[in-house]
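Peer 1: Sequence:
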Amino acid sequence: MAPVSGACKEVVESVPDIADYDVGTTKPESSPTATKSSVTVGFIGKQGVHSNNGVYEHLECPSCKNMMYPPILQCPNGHTLCLNCKIRVHNCCPSCRYDLGNIRRLAFEKFAESLELPCKYQSLGCHDIFPYYSKLKHEQHCRFRPYNCPYSGSDCSVTGDIPTLIAHLKDDHKVDMHYGCTFNHRYVKSNPHEVENATWMLTVFNCFGEHFCLHFEAFQIGMAPVYMAFLRFMGDDSEAKKYGYSLEVGANGRKLIWQGIPRSIRDSHRKVRDSQDGLIIQRNLALFFSGGDRLELKLRVTGRIWKVE
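Under UniProt numbering, the residues of the sequence shown are numbered 1 to 309, in order.
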């Protein structure tokens, strides 16, 4: 069949998604049991499922190498591509360089409905089987999916399970590790007016057999410079809600107290910070707590973590 549109004037190379450079994994379990479906599915491979009869290869996007979900698109010459890659290559087929248009590969979409596939996090502990179109939705919320590094001081892209991240924070970021459910920290900054260059600190606590991240940083809310302290739980939100914590700062007969529930590290550091879900101290008050000379920041933050009954 002759193509219905002209070749792209400029060849646009497809650019794969930026992958996390280090994923903490455990040894895979023994080969999973094949599921009952109209297609025989073989063993788990690096990207998910490897089919003995080539099914997986046909449903794999040739550009990003991920499994394709509707709409599955094709160019006039029959080359398939996922929607994300279609946008990324500016509607130019990376195989034959012809305009992609909006032709859907309906036969592939229908065929995919007959498949049942394992979660791609099977090697990390998830052994559930899902219909093809339910698999992607599950994987977005699978409790076995890796966590992002909670370190907020850099664009760290390391992911892994909690033991992997604890070792990473200790060895690579040199984060202080403490045991116990109470803490008393002193934050000192020689020039408290440099709020624009965010100052932050991270401390990890081992408490009740779990790990918690205490964040302290300077930033701005609008034009107002503030300091903020908050706690994150190294685990999922359902587990984080089993704990409470309090933070306290003060001096000269004045005191600020915050009580809340730690947020899961599934929520990014920036999301928690921007939601202002923590102890917020205006700079003028922080300087007053520091001794009143307004020349140096000296804040003492105390806190406690407890189980919610």
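Keep in mind that the hints were calculated from the coordinates and are not lab data. Treat the hints with care, since some could be wrong.
Calculated pairs, SDA-like style, for lysine to any residue (alpha carbon to alpha carbon, straight line, at most 20 Å) [what the hints assert, rightly or not]: (1) K170 to S152; (2) K255 to K241; (3) K298 to T203; (4) K189 to E248; (5) K65 to Q122; (6) K174 to R143; (7) K137 to C126; (8) K170 to F219; (9) K307 to C181; (10) K65 to Q140; (11) K189 to F219; (12) K241 to V308; (13) K137 to D155; (14) K189 to C207; (15) K307 to M201; (16) K189 to V226.
Here are the computed distance ranges between Cβ atoms for each label pair [stated by the list, open to error]: (17) E239 to D274: 18 to 28 Å; (18) H178 to R104: 53 to 63 Å; (19) F208 to K110: 42 to 52 Å; (20) F208 to A167: 15 to 25 Å.
It should be emphasised that the depicted structure is a prediction, and the values quoted were computed from it without experimental measurement. Every residue gets a Cβ at the ideal spot worked out from N, C-alpha and C, and that includes glycine.
Peer 1: Does the Cβ distance between E239 and D274 fall inside 18 to 28 Å?
Peer 2: Given range 18 to 28 Å: holds, Cβ gap about 23 Å.
Peer 1: For the pair supplied as a hint, K189 and E248, is the alpha-carbon distance within the 20 Å limit?
Peer 2: Roughly 19 Å separates the two Cα atoms, so the pair holds.
Peer 1: Going straight from one Cα to the other, do K189 and V226 come out at no more than 20 Å?
Peer 2: holds, 13 Å
Peer 1: Is K137 within 20 Å of D155, Cα to Cα?
Peer 2: Given pair K137, D155 is violated - Cα atoms ~27 Å apart, limit 20 Å.
Peer 1: Does the structure keep K307 and C181 at a Cα separation of 20 Å or less?
Peer 2: holds, 10 Å
Peer 1: Mind checking the alpha carbons of K189 and C207 for me, to see if they're no more than 20 Å apart?
Peer 2: violated, 28 Å
Peer 1: CA of K189 to CA of F219, is that 20 Å or under?
Peer 2: holds, 14 Å
Peer 1: Given the hinted pair K65 and Q122, is their alpha-carbon gap at most 20 Å?
Peer 2: Distance of about 19 Å is within 20 Å: holds.
Peer 1: Below or equal to 20 Å on CA atoms is what counts here, so check K137 against C126.
Peer 2: holds, 14 Å
Peer 1: Is the straight-line distance between the alpha-carbon of K307 and that of M201 20 Å or less?
Peer 2: Since the Cα atoms of K307 and M201 sit roughly 25 Å apart, the hinted pair is violated (cutoff 20 Å).
Peer 1: Does Q140 sit within 20 Å of K65, going by the straight-line distance between their CA atoms?
Peer 2: The hint holds at about 18 Å.
Peer 1: Do F208 and A167 keep their Cβ atoms within the hinted range of 15 to 25 Å?
Peer 2: Given a distance of about 20 Å, which is inside 15 to 25 Å, the answer is holds.
When each numbered hint is compared with the structure, violations occur for hints 2, 6, 8, 13, 14 and 15.
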